[in-house]
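Just so you know, the sequences run in chain order A and B. Here the numbering used here is used: position 276 in the first sequence is 276, and no number is missing along the way. Here the numbering used here is used: position 312 in the second sequence is 312, and no number is missing along the way.
Just so you know, not all the hints are guaranteed correct.
A pair holds if it fits inside one copy or across any two, identical chains being indistinguishable in the list.
Said to hold, decoys possible - Derived DSBU-like pairs: lysine-lysine, alpha-carbon spacing no greater than 30 Å straight-line:
{"#": "1", "residue 1": "Lys409", "residue 2": "Lys378"}
{"#": "2", "residue 1": "Lys6", "residue 2": "Lys308"}
{"#": "3", "residue 1": "Lys379", "residue 2": "Lys23"}
{"#": "4", "residue 1": "Lys431", "residue 2": "Lys23"}
{"#": "5", "residue 1": "Lys367", "residue 2": "Lys195"}
{"#": "6", "residue 1": "Lys309", "residue 2": "Lys367"}
{"#": "7", "residue 1": "Lys378", "residue 2": "Lys309"}
{"#": "8", "residue 1": "Lys218", "residue 2": "Lys367"}
{"#": "9", "residue 1": "Lys367", "residue 2": "Lys23"}
{"#": "10", "residue 1": "Lys309", "residue 2": "Lys6"}
{"#": "11", "residue 1": "Lys192", "residue 2": "Lys379"}
{"#": "12", "residue 1": "Lys409", "residue 2": "Lys308"}
{"#": "13", "residue 1": "Lys382", "residue 2": "Lys192"}
{"#": "14", "residue 1": "Lys382", "residue 2": "Lys404"}
{"#": "15", "residue 1": "Lys197", "residue 2": "Lys150"}
{"#": "16", "residue 1": "Lys309", "residue 2": "Lys382"}
{"#": "17", "residue 1": "Lys218", "residue 2": "Lys337"}
{"#": "18", "residue 1": "Lys404", "residue 2": "Lys23"}
No wet-lab data here; the hints were simulated from the structure.
2 protein chains.
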Amino acid sequence: MSLSTKPLSGMRQRLPCEFRIEKYVTETLRLCSVQAGFEEYDGPVIEPLALFAAKSGGELAGRQSYCFTDRGGREVILRPEMTPSLARMVAAQGELQLPVRWFSMPLCYRYERPQRGRVREFLQFNLDVLGSESLAAELEVILVLQGIMKSFDAPSSIYRIGWSSRRFMADALARCGVEQSLAGAVFSAVDKRDKMKPDAWAELLLQACGGDSGAAEKVIALVSVEALSDQWLTDLMSGSSAFQEVVEFDELLRGVGVPGAIFSPGVVRGLDYYTGIVFELMDTGGENRRSLCGGGRYDNLAGLFGNKKISGVGFGLGVLTLTLFLETYGLISDTVKEAAAAEVYIAVASFEAVTGAGILAEFLRDKGIRVMTDVSGKKLGKQFSEASRYGIPFVVTVGSGEVKAGVYKMKNLSDGTVFTGSPEEITDRLK
Amino acid sequence: MSLSTKPLSGMRQRLPCEFRIEKYVTETLRLCSVQAGFEEYDGPVIEPLALFAAKSGGELAGRQSYCFTDRGGREVILRPEMTPSLARMVAAQGELQLPVRWFSMPLCYRYERPQRGRVREFLQFNLDVLGSESLAAELEVILVLQGIMKSFDAPSSIYRIGWSSRRFMADALARCGVEQSLAGAVFSAVDKRDKMKPDAWAELLLQACGGDSGAAEKVIALVSVEALSDQWLTDLMSGSSAFQEVVEFDELLRGVGVPGAIFSPGVVRGLDYYTGIVFELMDTGGENRRSLCGGGRYDNLAGLFGNKKISGVGFGLGVLTLTLFLETYGLISDTVKEAAAAEVYIAVASFEAVTGAGILAEFLRDKGIRVMTDVSGKKLGKQFSEASRYGIPFVVTVGSGEVKAGVYKMKNLSDGTVFTGSPEEITDRLK
Numbered sequence: 001m002s003l004s005t006k007p008l009s010g011m012r013q014r015l016p017c018e019f020r021i022e023k024y025v026t027e028t029l030r031l032c033s034v035q036a037g038f039e040e041y042d043g044p045v046i047e048p049l050a051l052f053a054a055k056s057g058g059e060l061a062g063r064q065s066y067c068f069t070d071r072g073g074r075e076v077i078l079r080p081e082m083t084p085s086l087a088r089m090v091a092a093q094g095e096l097q098l099p100v101r102w103f104s105m106p107l108c109y110r111y112e113r114p115q116r117g118r119v120r121e122f123l124q125f126n127l128d129v130l131g132s133e134s135l136a137a138e139l140e141v142i143l144v145l146q147g148i149m150k151s152f153d154a155p156s157s158i159y160r161i162g163w164s165s166r167r168f169m170a171d172a173l174a175r176c177g178v179e180q181s182l183a184g185a186v187f188s189a190v191d192k193r194d195k196m197k198p199d200a201w202a203e204l205l206l207q208a209c210g211g212d213s214g215a216a217e218k219v220i221a222l223v224s225v226e227a228l229s230d231q232w233l234t235d236l237m238s239g240s241s242a243f244q245e246v247v248e249f250d251e252l253l254r255g256v257g258v259p260g261a262i263f264s265p266g267v268v269r270g271l272d273y274y275t276g277i278v279f280e281l282m283d284t285g286g287e288n289r290r291s292l293c294g295g296g297r298y299d300n301l302a303g304l305f306g307n308k309k310i311s312g313v314g315f316g317l318g319v320l321t322l323t324l325f326l327e328t329y330g331l332i333s334d335t336v337k338e339a340a341a342a343e344v345y346i347a348v349a350s351f352e353a354v355t356g357a358g359i360l361a362e363f364l365r366d367k368g369i370r371v372m373t374d375v376s377g378k379k380l381g382k383q384f385s386e387a388s389r390y391g392i393p394f395v396v397t398v399g400s401g402e403v404k405a406g407v408y409k410m411k412n413l414s415d416g417t418v419f420t421g422s423p424e425e426i427t428d429r430l431k
Numbered sequence: 001m002s003l004s005t006k007p008l009s010g011m012r013q014r015l016p017c018e019f020r021i022e023k024y025v026t027e028t029l030r031l032c033s034v035q036a037g038f039e040e041y042d043g044p045v046i047e048p049l050a051l052f053a054a055k056s057g058g059e060l061a062g063r064q065s066y067c068f069t070d071r072g073g074r075e076v077i078l079r080p081e082m083t084p085s086l087a088r089m090v091a092a093q094g095e096l097q098l099p100v101r102w103f104s105m106p107l108c109y110r111y112e113r114p115q116r117g118r119v120r121e122f123l124q125f126n127l128d129v130l131g132s133e134s135l136a137a138e139l140e141v142i143l144v145l146q147g148i149m150k151s152f153d154a155p156s157s158i159y160r161i162g163w164s165s166r167r168f169m170a171d172a173l174a175r176c177g178v179e180q181s182l183a184g185a186v187f188s189a190v191d192k193r194d195k196m197k198p199d200a201w202a203e204l205l206l207q208a209c210g211g212d213s214g215a216a217e218k219v220i221a222l223v224s225v226e227a228l229s230d231q232w233l234t235d236l237m238s239g240s241s242a243f244q245e246v247v248e249f250d251e252l253l254r255g256v257g258v259p260g261a262i263f264s265p266g267v268v269r270g271l272d273y274y275t276g277i278v279f280e281l282m283d284t285g286g287e288n289r290r291s292l293c294g295g296g297r298y299d300n301l302a303g304l305f306g307n308k309k310i311s312g313v314g315f316g317l318g319v320l321t322l323t324l325f326l327e328t329y330g331l332i333s334d335t336v337k338e339a340a341a342a343e344v345y346i347a348v349a350s351f352e353a354v355t356g357a358g359i360l361a362e363f364l365r366d367k368g369i370r371v372m373t374d375v376s377g378k379k380l381g382k383q384f385s386e387a388s389r390y391g392i393p394f395v396v397t398v399g400s401g402e403v404k405a406g407v408y409k410m411k412n413l414s415d416g417t418v419f420t421g422s423p424e425e426i427t428d429r430l431k
């Protein structure tokens with residue numbers, strides 16, 4: 001019996017040509033984080049189930065989870081997201097001076113049906129500011145997000161950072177006449193708006209409102225509001241401190257200039273732990289309907305560990321979803337896709353020359369040059385084809401004669417010219 | 001009930017101060033690979049159990065494994081090593097032109113008792129040449145390994161690349177009088193030599209030899225040989241092609257100059273799939289007794305997938321084991337450990353100045369400067385302390401007055417001097 005040559009469905013496998021693209025995306029995310037003084041951390045993939053059962057909604061630790069009992073009898077889960085592990089790391093640091101700016105690039109796991117942009121094993125970039133109650137923290141993470149889009153040359157016309165506030169929405173729902181006991185169900189219904197047909201959604205919302213059609217109508221009006229200056233909204237929220245905060249945040253965004261940011265009351269984000277400003281990043285075109293990124297403020301997360309209250313603001317961004325978005329808009333260049341594997345290829349004329357080739361390779365590598373040495377033992381012509389296939393611009397041939405003389409021929413594959421010289425001279429030529 | 005603030009035993013958790021060190025190690029490994037024309041790939045953490053049950057000895061898929069049944073009824077395992085996934089990826093590429101040079105930095109999982117240098121979740125650097133039958137491939141991977149040690153400034157006096165050949169040893173054991181049916185048990189006994197007391201080991205070996213004390217004595221003599229020129233060995237191996245290959249490889253190593261490489265017949269490596277040259281990297285001091293790296297040639301791995309035979313040479317290197325080794329010899333500098341989180345800190349005088357601070361931060365970041373912006377809202381004195389704690393050399397203060405004037409004060413924290421200028425002038429000063 002022979003084994004399948006495919007990985008399990010939804011798993012992440014990357015050949016070098018695929019890895020190069022993913023790496024370009026993850027390294028750009030890292031660079032933008034580091035540019036803003038954020039520091040990288042990581043946590044375990046295997047976590048106690050209890051860490052996720054306690055928070056973040058039931059689904060992640062339930063039927064969408066990879067959980068099992070380990071050989072020591074522990075109930076464990078492959079992390080579906082990073083935030084609870086982050087909260088634990090921060091809670092464990094009694095001495096940690098806040099605020100901190102941290103980011104991470106964890107592999108996460110969810111047992112969902114694989115489809116475009118959704119897989120079971122995925123990289124999720126996470127960026128958080130912990131220990132600041134100021135709106136300056138929300139502004140900072142959104143500026144990093146904007147910086148990321150700028151680094152990928154994505155104009156603000158192709159994406160939208162829809163934002164709102166959970167605290168504002170809680171107040172607004174009450175003012176729409178939604179009973180407090182139904183607020184959770186209404187949040188959940190609002191979160192599903194973009195994924196359903198209008199009629200079906202209106203029906204769901206009406207149910208969530210306990211059949212109160214007056215309240216449901218007002219909620220529909222609320223999530224349809226497109227500007228903070230909307231008169232109906234201003235009247236509805238008169239005297240609300242949560243609304244005041246939303247207005248203040250809008251002024252910060254306009255002041256700095258975040259053209260992609262748009263106040264969208266319908267954005268509530270699914271996870272339970274958000275308490276303040278929430279936001280998501282969407283493609284404004286129709287190609288990629290899943291949010292690329294979701295985030296917001298959470299105030300009580302470290303409380304799970306019996307410690308003092310630590311508030312935070314952060315977001316998670318799916319590397320695959322972002323990559324599909326960039327591909328859709330042609331923002332991953334051929335330079336990324338077809339980067340040469342080395343600057344120079346050492347062709348080896350015979351087995352006797354293997355030693356000389358090794359010495360030359362070491363010499364050039366010590367000088368910082370990327371050198372691929374032939375290991376195929378094939379004929380020279382095939383070795384030249386190999387170099388060409390890898391997009392390597394130069395080939396140096398090493399045979400016994402060259403080794404004895406200490407002088408080598410280097411061919412430029414693009415124009416066919418040949419340079420002859422010592423290893424030092426070849427180094428200078430390549431630099 | 002509050003949750004534990006510790007991760008599960010043996011799991012990998014990295015605070016930024018720890019991540020920085022790991023990152024230095026992994027990035028050095030990547031750089032050395034890329035320098036030699038190797039390309040990065042990755043595979044899934046979750047694999048079919050059958051992929052590991054079929055090969056690599058029983059233990060990895062047995063009691064040392066993290067295996068479970070997923071929600072779709074699949075028997076899966078968290079990969080204990082990378083090679084079977086690599087073999088599958090190569091086997092799936094019908095069109096792939098060989099040889100290829102690939103490397104990876106996978107997280108792997110083994111349910112073992114945690115101790116110094118041994119954990120349950122670990123990063124294992126893997127580097128392989130696939131599709132070359134030439135000893136040039138073995139030489140190349142060992143040159144990369146030597147390049148890695150050189151990059152860490154590790155002199156060859158503190159490490160040893162012990163090497164031998166499985167094919168040579170199979171022939172040698174036969175010539176020592178070990179019956180072919182017992183060869184596997186004897187290999188396994190030889191592999192345990194460094195981990196046992198001499199008497200206990202001699203006893204184990206005698207058992208493995210089926211009680212044949214003549215054969216056992218010869219095997220002891222064999223694994224004690226320290227040089228290929230040893231007369232007893234030369235006589236024993238007269239006319240052996242496997243021995244001839246070993247002699248040839250020794251000449252290659254001496255020819256290029258690999259002072260850390262030492263022929264060591266006792267090195268056989270535990271895993272079943274090696275067929276030719278094998279090697280391991282050891283600390284020559286007593287501090288780190290586990291091998292830092294193990295590798296060799298395997299000839300039949302892709303055969304599991306019913307494809308044509310693809311041979312390969314490669315090694316796996318534990319990032320944690322290597323890091324402990326580097327720490328032992330003081331090879332991780334303070335520069336790595338205490339790198340500043342940014343080049344400049346923006347202190348914010350009041351909430352009204354948050355917008356101005358955001359604009360200045362964006363301006364400087366666009367110029368490639370790493371900028372940490374205050375989000376604490378604390379008093380200026382505390383913000384300066386924060387910058388100092390992060391090792392950030394400069395602080396620019398932003399208040400409403402500065403924003404209006406477009407001129408900012410930048411303080412050098414090391415000498416207390418103050419520079420005053422526009423954002424452009426500050427950029428020039430920082431560069």
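Tell me, please, which holds for lysine 6 and lysine 308 at an alpha-carbon limit of 30 Å: within, between, both or neither? between (48 Å within a copy, 17 Å between copies)
Intra/inter-copy verdict for lysine 378 and lysine 309 if alpha-carbon distance must be at most 30 Å: This pair counts as between: shortest inter-copy Cα distance 18 Å, intra-copy 66 Å.
When no copy is specified for lysine 309 and lysine 367, does a C-alpha distance of 30 Å or less occur within a copy, between copies, both, or neither? The answer is neither: 53 Å in one copy and 37 Å across copies each exceed 30 Å.
Indicate which option fits the pair lysine 367, lysine 23 if close means a Cα-Cα distance not exceeding 30 Å: within, between, both or neither. Answer is both: 25 Å inside a copy and 23 Å across each meet the 30 Å cutoff.
Using 30 Å as the alpha carbon limit, work out where lysine 309 and lysine 6 are close: within a copy, between copies, both or neither. between (47 Å within a copy, 18 Å between copies)
How do lysine 309 and lysine 382 come out at 30 Å by Cα distance, when the copy is not named: within, between, both, or neither? between (66 Å within a copy, 21 Å between copies)
Can you give me the call for lysine 382 and lysine 192, within, between, both or neither, at a CA distance of at most 30 Å? Classified as neither; 58 Å inside a copy, 44 Å across copies.
Intra- versus inter-copy proximity for lysine 23 and lysine 404 (alpha-carbon distance at most 30 Å): Classified as neither: same-chain Cα gap 42 Å, cross-chain 42 Å, threshold 30 Å.
Go through the copies and call it for lysine 218 and lysine 367: within, between, both or neither, with a Cα cutoff of 30 Å. Result: close neither inside a copy nor across copies, 70 Å intra and 47 Å inter.
Go through the copies and call it for lysine 192 and lysine 379: within, between, both or neither, with a Cα cutoff of 30 Å. neither (62 Å within a copy, 43 Å between copies)
Using 30 Å as the alpha-carbon threshold, which applies to lysine 409 and lysine 378: within, between, both, or neither? Intra 19 Å, inter 65 Å, cutoff 30 Å: intra-copy only.
Within, between, both or neither, where lysine 379 and lysine 23 count as close if Cα-Cα is 30 Å or less: neither (34 Å within a copy, 40 Å between copies)
Violated hints, listed in ascending order, are 3, 5, 6, 8, 11, 12, 13, 15, 17, 18; each of the other numbered hints is respected by the structure.
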